[in-house]
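Colleague: From first to last, the protein sequence lines stand for chains A, B, C and D.
Residue numbers for the first sequence, in this note's numbering: -13 to 281.
Residue numbers for the second sequence, in this note's numbering: -13 to 281.
Residue numbers for the third sequence, in this note's numbering: -13 to 281.
Residue numbers for the fourth sequence, in this note's numbering: -13 to 281.
To be clear, the hints were calculated from the coordinates, so they are not data collected in a lab.
Glycine is no exception: its CB is placed at the ideal position from the N, C-alpha and C atoms.
Don't take each hint at face value.
Said to hold, decoys possible - Where chain A lies over chain B, by a calculated footprint (3+ residues, C-beta under 8 Å):
id, segment
1, 100 to 110
2, 138 to 146
3, 155 to 161
4, 170 to 184
5, 245 to 254
There are 4 protein chains.
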Amino acid sequence: MRIAFIGLGNMGAPMARNLIKAGHQLQLFDLNKSVLAELAELGGTISSSPRDAAQQSDMVITMLPAAAHVRGVYLNEDGVLAGVRAGTPVVDCSTIDPQTAREVSAAAAKQGVDLADAPVSGGTGGAAAGTLTFMVGASDELFATLQPVLAQMGRNIVHCGAVGTGQIAKICNNLLLGISMIGVSEAMALGNALGIDTKVLAGIINSSTGRCWSSDTYNPWPGIIETAPASRGYTGGFGAELMLKDLGLATEAARQAHQPVILGAVAQQLYQAMSLRGDGGKDFSAIVEGYRKPE
Amino acid sequence: MRIAFIGLGNMGAPMARNLIKAGHQLQLFDLNKSVLAELAELGGTISSSPRDAAQQSDMVITMLPAAAHVRGVYLNEDGVLAGVRAGTPVVDCSTIDPQTAREVSAAAAKQGVDLADAPVSGGTGGAAAGTLTFMVGASDELFATLQPVLAQMGRNIVHCGAVGTGQIAKICNNLLLGISMIGVSEAMALGNALGIDTKVLAGIINSSTGRCWSSDTYNPWPGIIETAPASRGYTGGFGAELMLKDLGLATEAARQAHQPVILGAVAQQLYQAMSLRGDGGKDFSAIVEGYRKPE
Amino acid sequence: MRIAFIGLGNMGAPMARNLIKAGHQLQLFDLNKSVLAELAELGGTISSSPRDAAQQSDMVITMLPAAAHVRGVYLNEDGVLAGVRAGTPVVDCSTIDPQTAREVSAAAAKQGVDLADAPVSGGTGGAAAGTLTFMVGASDELFATLQPVLAQMGRNIVHCGAVGTGQIAKICNNLLLGISMIGVSEAMALGNALGIDTKVLAGIINSSTGRCWSSDTYNPWPGIIETAPASRGYTGGFGAELMLKDLGLATEAARQAHQPVILGAVAQQLYQAMSLRGDGGKDFSAIVEGYRKPE
Amino acid sequence: MRIAFIGLGNMGAPMARNLIKAGHQLQLFDLNKSVLAELAELGGTISSSPRDAAQQSDMVITMLPAAAHVRGVYLNEDGVLAGVRAGTPVVDCSTIDPQTAREVSAAAAKQGVDLADAPVSGGTGGAAAGTLTFMVGASDELFATLQPVLAQMGRNIVHCGAVGTGQIAKICNNLLLGISMIGVSEAMALGNALGIDTKVLAGIINSSTGRCWSSDTYNPWPGIIETAPASRGYTGGFGAELMLKDLGLATEAARQAHQPVILGAVAQQLYQAMSLRGDGGKDFSAIVEGYRKPE
């Protein structure tokens, strides 16, 4: 299939590579010339604009850093909507606010184009390995069309509802994740301060009502989970800046919906304070360092 | 075995019943005459004081509401330590602060008595069914002695370390639980406000990084988990007042240890506000009601 | 002077009235026909668009509900910037985010128009009485030009710095105000619960280090300050929804500036929860009701 | 007058010095021999125990670090209550929880002794200069008796109500103070990050609704108030550890009274985190450093 792929950053580039490997003919666009050149060598074709890429393709995929880029790539004069043919399936994999996702989708609908939002989780590792989770907001028909292609880049392709619900699912999950990670950090640090062995404590929590992914799979305390970032100096993993971005999307969406998210707002502030201290580049589980005496 | 059982409230009485059923000879003490009479009919013997009960027994078990009662029952003139013989295994199943647990244990040690703390989880249902979890702080030797008896009242008998660590394990787990439940409440309420189907959202969370017991087993949103209190008007389950008590123990222990627990402190306050509104008798998952428009 | 006045709501209408009284010739625009008619009777002239109003005037004043309206009124095809002559002094009295204030000012500067931001405090009472405080972000020259006109609508005309600083001053002050009011509420409610006379407590606070405007002038506890909204059922005053809006502006500006505001974020959530309970129309000092047993 | 003065630490010693200067005959007790020797040189008499000191005196004053010391000094075998004559006025100037104050007072009342609580504010500087504020919980009669003596150590002698209300007044005021200081820190740091001159911002706040002691007298931003600790590296002043102690008393009293104090609990945690970072010895206004990029 001829697929326009726009946005070839840390996530987009490996995703595009997997589609090329799967035999698709890619129309590529990004502002970064070197990544374009690299993917062209693998067989992709370089486009001069999002419009140009969309014009040549039977499907459009975008993967961009933030809402402003999504607006630009779709709505600008040389944007996707200026080139895409009516009836072409379009999916935006960026993580942005649900409101923007719905607005861009509405603009697309005006010209007969059905646009899905499909933010991902799984990080750059999952993008390279083709094991991402896609949370898809789309009509049933569009979902059915997109599913096989997304499955070439990911393992779980989840249909969340109408357009926008992909974003909603992601920010709600990550709101909870950001809170849980701090909860685990506080529980582990308190246990340590009070004198219980932290491995024993983690074991008890993991077989009890405190059990959660942040404890049993990604425990922030060093030495509990060998494969977790905590056991390798908080490198790799899901950066605190990205968690901060997602909590920003969640609390801002909550504000617009007049919905309180009290612990979520505190969690956002704590990651913000971590970032201010200069630790935003670490894995988000390094939030636990604020609960321990500095060395 | 002759076992002194002191404290026959909502938890203690069914625990004692299970021991009687298992064939032990119980020396019972409580201030409530009617529960004593009831258990005497099943075969227990009524004692005139904790001291008296301890004097007659080869093991002592206590299950009391709070630290002040534990101090009284052990240290008063007619308390357990005034009657117990050196070498008798003693276990306090109350949920109290680790500091008091250690102090009472130290007092017991002075007279050659080895005392364990073994707070439980599982609620009155687990007490009746004999499926409690015991978190035991004890020497290896004492743990080995207590284990078979505790196993007649519970399913998981976990050795957490030296005396006090049972309490530590419980308050750290429940600190995390109290936070997680609010985190799930905020995520579900936000998703609902933004327009995603809450069952779909719960499904996504439960197979993603937000996964936790508060979401996949005890979800606070009505209709998600049929067996959860949320699906029966927040009745039964684990009362908000009990969660408030445990968060009080956790934050007070944190204060004494000079250990910050930021989300934990906010969580405590939110359950306190829920209690002030008159909802302390509901299951703790009713905290979600503060995130929804009142009906 | 011929002054365009655009935005004649609860605040704008009485402000315009004061300018008419002071002898100015007003070019009026609003979507509400009845308020236009009313002000026309006092001597104002009705314009067909912001552009039209600006074209006819030697100064432009706008007073609008939110950033989206400000963008529209200034930047639309029939907006202020389409009509205003180079060199005309322009001032926006809306309370919006500093970023939008700066962007609209930059757009004006491109056509030789110097635009100030001048959000106000003092409420509808102050607008009617002409006793508002204006926090003005403007060049020295523009401030000197605007000052005499603003002084016909207000009592304190404060120069905060370059454009945008008016908004910054307002949201920083109100961030602190929103926090202080909750702080006073908690101190008063705690004192009451512990058994001190609340008038005595307020007296001590007001002559000690807890002293603040929220305690000595606007105390949220009923019966402490006769003239405060707390003593008349939390009517009148500064509505909780407005405080919520300002805290939203503050926390959103903080997010964009990567600046933590921890108590500010919690305060925002608490006013949000108050609004969800249906109390957003009350004076913001009614936040204290969440700290008392419901009657 | 013969006055027993027990507890001669950083606060007690200068207070005792002022009473000696005023011509009283002091019966001194402390565990620190060197301070006893020093005060004996000024004319005080050294006692062998609190009981001994009380026996020799017409009034008893105590100034101790925490509730445990107060219990010991009053209730031990060689404590004040073992020596004091019925009818002797007694006042405890320690800052402790209201509950302990009331319990010790009740014990004193059983033997005909009327005991007041009178915690102070003003720090070691105020103690030396004799300018402390005393918040007194006492019967009218006892207050009248104590007032002239307290006035020799302080400037404001405030009658708060019955015994215990002195402590309540102090912890409620300091709860608010701890919150306000963080509120000012957030407002100043946000203003600075957004680009307003901090002196201008402080000026606006101080003449507006954000006005408070933490801003207009003790501003945490360096260079705003010349005499504030912020302008001398956060030395001197009111140590963060003391604020942490007082917030601990306030939140613990709130817990026992089932009273939520949400911002108060967060404030306590933030000072706790500051202490964990190693900054507990600085003035409490150094909390602002957590809101700025570390240098």
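Colleague: Would you check chain A against the segment 170 to 184 of chain B, counting CB to CB pairs closer than 8 Å, and say if three or more residues qualify?
Modeller: holds (count 12)
Colleague: Per the coverage rule (Cβ-Cβ under 8 Å, at least three residues), is the segment 245 to 254 of chain B covered by chain A?
Modeller: As far as the segment 245 to 254 of chain B goes, the hint holds, because 8 residues have Cβ atoms under 8 Å from chain A.
Colleague: Quick check: the segment 155 to 161 of chain B, covered by chain A? Criterion 3+ residues, Cβ under 8 Å.
Modeller: holds (count 6)
Colleague: Confirm or reject the coverage of the segment 138 to 146 of chain B by chain A under the rule of 3 or more residues with a beta carbon closer than 8 Å to the chain's beta carbons.
Modeller: This one holds; 3 residues, not fewer than the three required, reach chain A with a Cβ under 8 Å.
Colleague: At least three residues with a C-beta closer than 8 Å to a C-beta of chain A: is that true for the segment 100 to 110 of chain B?
Modeller: That given contact is violated, which follows from only 1 residues of the segment 100 to 110 of chain B lying within Cβ reach (below 8 Å) of chain A.
Hint check: a violation occurs at hint 1 only; the rest are consistent with the structure.
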